[in-house]
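Novice: Same order as they appear, the protein sequences are chains H and U. So the first sequence is numbered by full-length UniProt numbering: it starts at 1 and just counts up by one. So the second sequence is numbered by full-length UniProt numbering: it starts at 1 and just counts up by one.
Bear in mind the hints are in silico, worked out from the structure with no lab data behind them. Owing to the predicted nature of the structure, the values given are computational and were not obtained by experimental measurement. Incorrect hints may appear among the rest.
[Unchecked claim] Listed next, the stretches of chain H that the computed footprint assigns to chain U, with coverage defined by at least 3 CB atoms under 8 angstroms from CB atoms of chain U:
| no. | region |
| --- | --- |
| 1 | 78-90 |
| 2 | 131-141 |
| 3 | 535-545 |
| 4 | 572-582 |
Where is the CB? At the ideal position from N, CA and C, for every residue including glycine.
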Amino acid sequence: MSGSKPDILWSPHHADRYVICDSELSLYRIGAVGTSEAKAGALPLSQETAATLLAINSDTPYMKCVAWYPKHEPECLLAVGQANGRVVLTSLGQSHNSKCKELVGKEFVPKHARQCNTLAWNPVDSNWLAAGLDKHRADFSVLIWDISSKYSPEAVPAEKLRLSGDADSGMVVTKPLYELGQNDACLSLCWLPRDHQKLLLAGMHRNLAIFDLRNTSQKTFVNTKAIQGVTVDPYFPDRVASFFEGQVAIWDLRRFEKPVFTLTEQPKPLTKVAWCPTRMGLLATLTRDSNVIRLYDMQHAPTPIGDETEPTIIERGVQPCSESVISSFAWHPSTQNRMVVVSPNRAMCDFTVFERISLAWSSTTSLMWACGRHLYECTEESGEGGAAEKDIATKMRERAQSRYGHDTVQLWRNHLLAGGNDPHLRSLWYTLESLMQQYTEDLEQRQQGNKQSLIYAGIKNIVKSSSGTTETRRCWKGSDRPTDVAQYHSEERSLALQLCGWISRGPEIDVEPFLRSLEQEGEWERAASVALFNLDIRRAIQILNKGASAEKGDLNLNVVAMALSGYTDEKSSLWREMCSSLRLQLKKPYLCVMFAFLTSEPGSYDAVLYESRVAVRDRVAFACMFLNDNQLPRYIDKLTNDMKEAGNLEGVLLTGLTKDGVDLMESYVDRTGDVQTASFCMLRGSTAEVVKDPRVQCWIENYRNLLDAWRFWHKRAEFDIHRSKLDPSSKPLAQVFVSCNFCGKSISFSCSAMPHQGRGFSQYGVSGSPTKSKVTSCPGCRKPLPRCALCLMNMGTPVSSCPGKSDEKVDLPRDKKLAQFNNWFTWCHNCRHGGHAGHMLSWFRDHSECPVSACTCKCMQLDTTGKLQPSDYV
Amino acid sequence: MELHILEHSLKVASIAKEGIQICTHGLIKLAFLPSKTRCKFFSLTETPEDYTIIVDEDGFKELPQSEYLSVADATWLALNVVSGGGSATSSQPIGVTKIAKSVIAPLADHNISVFMLSTYQTDFILVRERDLPMVMHTLSSEFTLLRVVNGETVAANCSGVTNGFVKPKLVPRPIIHPLSSPSNMFCVTSLDPDTLPSVATLLMDVMFYSGGGKEAGAQNEDSGHIRFFSFSLIEGYISLVMDEQTTRRFPNNVLFTSASGELWKMVRIGGQPLGFDECGIVAQISEPLATADIPAYYISTFKFDHALVTLGVAV
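Sequences and hints are given; from them, build the entire structure.
Specialist: And the structure:
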């Protein structure tokens, strides 16, 4: 600290006071902006705080270093080290009758004048003040003064006092308590917190040395260049930082031979290095002429004992006061991560280092993060009727628990398992249901005939191959008037209508069953429009009337029915004119398209076809009836592309479970993240092209990982079984074999290789019933199998049922399954001891060590998942 | 005890009084602008005869070659004794006295010529680089030898050469050169490098001008006074040796004065220029002082040697 560069010191006991020292000492009080304390003249330090100058002390010129008395009383007592080596006690802002009166002004003078580099108060025996001085050929560099000692004037003759320039002899002490470090300079020093009699010195002869005041002839020392600014980590009394030019070395006093590690070298020399007193393992460094304070977080750095790994230190820089250069900084003694920095022109700035945030997701939807000493958790609101939609992960979890996707007989029921409130899933599973029906029928047909299969390919492919279309102009039902509406028929179009669910199988086109089912479900508008599209206005009106009179019916439907009954095909009628304009105000899409259909020109039905609120299946069915062979594929292609882009699952009807379907599902997954539906759906597309698609495999693997992460291990197993049924190639091969210790042959393999000997796999107790004949020796070499470490029987011997369990009523199939598993071989990969799986499980329920005596292997703890419980139940 | 062999390669040179103006630019740079040069070791001593310069190779480049500059034809290395232990015996002999028996006498016994430079902070023993193996051999029994390499202190191995050296001649050393003692008293002091700029002009005046012409010098000689001033800037530390009258020209509180305000008497050794090859001169002076436990400084210059002893001691 020279005259030009101010340094800063916090009061050790007053959280709101600090001293700036350059050529003089200035005491400031820091307070909130706008409070009565911060009067006019206060210097703003940040948006919230301001500093008020309380006192200035310019009694001590040539200051080189300052140290604040560490005890509460007397407060604000400072030791100042001067350029000529004298140490002066002084005070700031104290009334003259205060307790430290007899101390203030006291001077401690070395025998030979030279610069005082550093000062340190003993943290325990606070009368002791260590001063580190430059070297002198005949003097010591570290002098430990006792500030309570009295000067005895007889010791030094008066003529020499004249030279020391002090009249007030009572205040001058020349006899130090201890003298250390002859013929060397002391650049920095600190007391060791573990033992207040020990002192760490950094000397000019490039060494760090620890002295014990009880025996000063002994010292521990190490040669190093890093001899400036030694400072002890307040949270880790064995850890010390020191620096040399641009490099900081971190030492461990227990292993003092070499630095534990050094921090990356800075291009400019360092001026200050300080541990944060409020946060563990945080070191702040400042280089010359810099506006950046570099922070090193070594909270997770390993200790040097036995650990040679690369330390993990997180380095970052902060700019407390933007562009202006920092002269010095000081951590606040109690407020976390707070510091005050001062620039060369004495501008000050109050600054809090923002703690890094570390964040972790749980496998469910909750999220946790830590900042400073706070831990935050964010979880999804679980209450029903929450305004926000549930996260897809939560939905998938719930769906997995309700066995979503596992109904392979009635596919449509899966949407109920998914909760029954997602129209997309509903449409998807109904589509898959009808696709599957067609597929199975097709299979039957194929066995009889040789008709080419088109099913599972979706309507897009079906209509593409459409041929032999006939055009008819039917009359309105119950009227002789011919319409000018052309309708188209073909085998493929009928098939498409069937897939859309409008008609059932069979040659004739009869929508009546569909209408009735719609009526039952109360979808009046939809039923009416389907009736209308089948040119049955009367039926449509009838449906609307029914709807109006039904329970909770909409009376407006009657009005619509009235409007409908006035239909005229006069091109210029008032009805047509009014309907075509007023229909746009109808809120219900199906009512809207009814009038659109009636008022549109023949052959151009865009108002119907592109009404996106109408279900895709209805629009497609409509298109199949009213679009000609040119228009239809174009429309279907366009619609398919729209669906693919939007990831709308209704589009599966068009794409089927083909490559197109995977594209569509991809955009659905991109939009929703619902890999569950994607996995289940695509597994049904049994063509290898689809299932082997890398995207599909990715969804499946991700879904399995999700189930594992949720510890839904049973669900995952169920899914794997389900998957292997639909995709036999995914069945995993046997990965573990039991081989004989003597001949090395696989026991299970040798059984299957010798079927003629009449031994099934079950005989080895691996999967057989306990009553069957058992084999307890290797079928290859006849040597006995190893013994179970617990029952001491040879493996292959079935496990006798636990006596404790016999009186419990357990359902049989489950018990049987478990019994099979109990007979399995199991062993520890580490100590290679093992036995019957059932025995091992029950052993490790109560023990942590291996059952083999004298083996101390903690087998179960080595198994990272062994201690976890599944969170689902079979 | 540790003996540090410092890494500075030093030149010892003499500048004739009348040629000093050619060198002032370089000397001022070396003395007052240390950040402008890479020089780490600089010492300037003015005697009535000449200016003696001890400077490292980086600093030597700053000096212009001229007829006034004569250089001793060897590279010198500085040795520095460090009392390794922190033993707190308060009445330690200081300066040359302390190392007289342990370093200077053994080196003299082995016919090794030394050049001494005492400063406020420590004593440097300069030996020729070519003598280093011999020096290390001689001193390895008494000292832990450490060598400074690129700023790091490392243990220096004695090369193990034991044969082929002359046996030490253990003969008593009488003082063979005439001694003289000027009447003025000297002060060994230092100052804070931060305050150096404020006294730079004063120091320049003392160094280069206050000696005056020959007349003034003669006048001083007549009254028994001697013109002697030494300034050194070594590894950032300043050391000054000047007579009492000169110290009065400095402002208060700039010079470091010891609490007891010691003043020293000078003893000049040699009536004729001593040369560099004769050995044992320092030993001749320092051994008796050590025996009598008299603290002393010792500054060798190009032509003569100077010892500073406490007041009232007769040799």
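Novice: For every hint, state whether the structure bears it out.
Specialist: Status of the hints after comparison with the structure:
Counting residues of the region 78-90 of chain H whose beta-carbon sits less than 8 angstroms from any beta-carbon of chain U gives 3, enough to reach three: the coverage restraint holds. For the region 131-141 of chain H, the proposed coverage by chain U is satisfied: 6 residues have a C-beta within less than 8 angstroms of a C-beta in that chain, meeting the threshold of three. Only when three residues or more bring their CB closer than 8 angstroms to a CB of chain U does the claim for the region 535-545 of chain H stand; here the count is 0, and the claim is violated. Coverage of the region 572-582 of chain H by chain U is violated in this model, with 0 residues showing a Cβ closer than 8 angstroms to a Cβ of that chain against a need of three.
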